[in-house]
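Based on the provided sequences and hints, a complete structural model is requested.
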Amino acid sequence: MITDKNQTQSSDEDKYYITAESVNLDDRTQVLNHCETFGIFNRSGDIVGQGDAVQGIYHRDTRYINRLGLKINNLKPIVLSSNVKEENEILSVDLTNPEMVSIDGDTMHHGTIHIGRSQLIRYGVFYEKIEIENYNAQACRIDLSIELGSDFKDIFEVRGLRRQERGLLYGYEYPDNRSLRMSYQGLDDILRRVDIAFSDAYDKISGFEKGEVTFQFLLHPKKKVSLHYSITFEAGNEHTEKKDFNEALKQVEPDLIKTKAYFPVIKTSNGQFTHWISRSKADLVSLMSQTPYGKYPYAGVPWYNTAFGRDGIITALEVLWAAPDLARDVLFFLAANQANTLNESTDAEPGKILHETRDGEMVALNEVPFKQYYGTIDATPLFVILAGEYYDRTGDLETIQKIWSNIVNAINWINQYGDIDDDGFVEYQHKAKNGLTNQGWKDSFDSVFHSNGQLADPPIALCEVQAYVYGAKLHASNLARILDQPKQAETWKNEAKALKEKFNEVFWDKDLNCYVLALDGQKRPCKVKTSNAGQVLFTGIADRSKAKKLVETLMAPDMFSGWGIRTLSTQEFRYNPMSYHNGSIWPHDVALIANGMAKYGFEAEALQLMSGLFDASLYINLQRLPELFCGMDRRAGEGPTAYPVACSPQAWSVGAVYMFLKSVLQIKISPLRKEVSFHKPILPEYLQSIEIKKLRIGDSFVDLEITRHGADNMIGVNWNNTNKEWRLIVVK
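My numbering applies: residue -18 is where the sequence shown begins, and numbers increase by one.
Bear in mind the hints are in silico, worked out from the structure with no lab data behind them.
Quick caveat: nothing in here was measured; it's all calculated off a predicted structure.
Incorrect hints may have been included.
What the hints assert, rightly or not - Restricting the straight-line Cα-Cα distance to at most 25 angstroms, the calculated cross-link-like pairs of lysine-lysine (BS3-like) are:
#, residue 1, residue 2
1, K649, K675
2, K478, K468
3, K580, K530
4, K66, K110
5, K713, K655
6, K478, K414
7, K675, K655
8, K530, K491
9, K530, K468
10, K383, K474
11, K414, K352
12, K649, K241
13, K491, K504
14, K468, K481
15, K110, K52
16, K110, K203
17, K205, K224
18, K248, K674
19, K66, K231
20, K529, K580
21, K239, K674
Unchecked claim - Derived Cβ-Cβ restraints for the label pairs, each shown as a range:
#, residue 1, residue 2, range
22, T88, P273, 53 to 63 angstroms
23, R615, N393, 41 to 51 angstroms
24, T221, K705, 49 to 59 angstroms
25, Y151, N393, 48 to 58 angstroms
26, Q410, L142, 15 to 25 angstroms
27, E228, P625, 30 to 40 angstroms
28, K383, G148, 37 to 47 angstroms
29, P235, E112, 17 to 27 angstroms
30, D680, P156, 15 to 25 angstroms
31, Y151, P665, 36 to 46 angstroms
32, P156, E112, 24 to 34 angstroms
Glycine included, C-beta positions come from ideal geometry on N, C-alpha and C.
Written out as structure tokens, the structure is:
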């Protein structure tokens, strides 16, 4: 039975839970994002500010615009189509007029005026171009109204946190007859401002003082008129460069070319699968924000449009074989933000890797602890794994040398701070007053528990974290050997070996046929079947005999829904397919499990997992895999059930397809041996071939074609490689 203590915990510790009320009004909302700014619009291109709805334009964790509405002659236009362009750069909306009367009193039948909206976000500015064309036989005069409003809510307020006080929201200001301003003096003494500037392509303007600006146009038959405006978001002494719509649009293409160059071009014989890859790349590119250290993949829109350590590392690992430069940038960013002091208010300890960084009023006032927060148990070993995997993929010793002290400090953190009770396992117990209670990737308050549903007491040692630590020490050992530090290399190798032996002895449960979720503070095992156990395979800590049994457990119907691996078995006490972590399906989690399965020789099961999520993508808008979806059984002719407040796009979800491809192809790029190898690659029936162009190998590029042929479905690989030092190896 769940104790009273556990029931009271739910009210205290789920304060960062995203409420169902904070949900889009329509599941067909449209998203634009660029760096620190993103917008969520309805299909009309409007923002409807009702109740706790999430729609709005956000900049640096503050919602600057919560209301944006377009009307023609005081009526809402009719939506014809609404699409975010394939590269995620522009929201394009086609509208037309309802039945109405012109300003001059003439009847205007519906569908005779076309209104085209093009919306764009670049470098802290929102741009819109509105084009109007008259298809009536005679000229007509119309009013076009734009309603604008702002609440300057912190994103944590939008997520559901209540505040006792807020700052001062000023009324509308209009510096001149082409400008409108809204501002807010926060409790953090920072003045946040919205400046709207309109072009002058209109006959008459009115309504500034109400925040609903009306433009009058004389529309001649078959003639197009246009209106441009920009919205700039600034705080304190910030000054953002303003451009007009066309100037901003010109900036898009070179930026996209530069960022897309991180990735090869991948095409397949299956158009839908190719679109899944292309959509994933476009989404990931849109989430890659520029930092002083290179690109960093922000976690997801809307709730996590910022740098997260764990998310950035896993995203970089997913795409590492295809886009190694992203891993380098992630390593530099996290090394620069590594903790070097002890600070309990932010769960910081020397050597620990960042969990999350935030901006905004509530962070500045310490109402939430996330300005630079370190409450994660797994980002630190994952950082070392990424460094090791990056070196294996690129041979870039210069980068490793630059961050070597960070790697050493990370391992020192594991040994000094990570193992709280000196039992050989790494545990967590939060110290920050407002910090996260659970600090693994399943960080909701109720995600770690015993078979009777009772929540586990800290300090908590998660099974997958031990696997990450094992992988980190092996990689650190290898890097130390390369850097001519044999004594340190041997020490870390022996520590990894001892951890593997102890882990398989303590965490394996023969009755579950699975690794237990965790050990609680009294070293009692949490004997529940979870996807966490599947991630154990990712670093190779599992004994081979146990791995086979674990794969059988994970692919059983209580864990595998038909779409993917559930986070929790249907047989467990707390199973709820509609929960955040206790029965839902997370694409990145499934991809990590598939990759681990393939490493142990279970490529067919990895292929089954890839196919399940590919099938799911076909039912999901834009083929964009969200942060998570519900864990109900797959039903014939139906798609997966959506989780209402899932982020989309989410970096490690859209990056999953790259890890799936790596898993089924078993591709490995080895710069030290000058080899591109495929170890027993397999392809599903729906993929006859895969073409990969401009895949980076060393200082050059290679083109590859992988083809399934013959009655026995053998896989052949051809390549176009001008670098004669490299060789291709295919193990069949």
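Holds or violated: K491 with K504, Cα cutoff 25 angstroms? Distance of about 18 angstroms is within 25 angstroms: holds.
Check whether the Cα positions of K649 and K675 lie no farther apart than 25 angstroms. Roughly 16 angstroms between the alpha carbons, so the hint for K649 and K675 holds.
Is it true that the C-beta distance of Y151 to P665 lies inside 36 to 46 angstroms, as the hint says? violated (59 angstroms)
What's the verdict on K649 and K241, does the C-alpha distance respect the 25 angstroms limit or exceed it? holds (22 angstroms)
Under the criterion that the straight-line Cα-Cα distance not exceed 25 angstroms, is the pair K248, K674 satisfied? holds (9 angstroms)
Taking only the CA atoms, is the gap from K66 to K110 under or equal to 25 angstroms? Distance ~15 angstroms between K66 and K110 Cα, so the pair holds.
Within 25 angstroms, alpha carbon to alpha carbon, are K110 and K52? Within the cut-off at roughly 15 angstroms; holds.
Per the hint of 48 to 58 angstroms, is the separation of the Cβ atoms of Y151 and N393 within bounds? Given about 50 angstroms between the Cβ atoms, the range holds.
Please test the hint of 17 to 27 angstroms on the beta carbon pair from P235 and E112. holds (25 angstroms)
Evaluate the given range 49 to 59 angstroms for the C-beta pair formed by T221 and K705. About 50 angstroms separates the Cβ atoms of T221 and K705, which means 49 to 59 angstroms holds.
Take a quick look at whether K414 and K352 sit within 25 angstroms of each other, Cα to Cα. holds (14 angstroms)
Is the straight-line distance between the alpha-carbon of K713 and that of K655 25 angstroms or less? holds (20 angstroms)
Of the numbered hints listed earlier, those contradicted by the structure are 6, 9, 30, 31.
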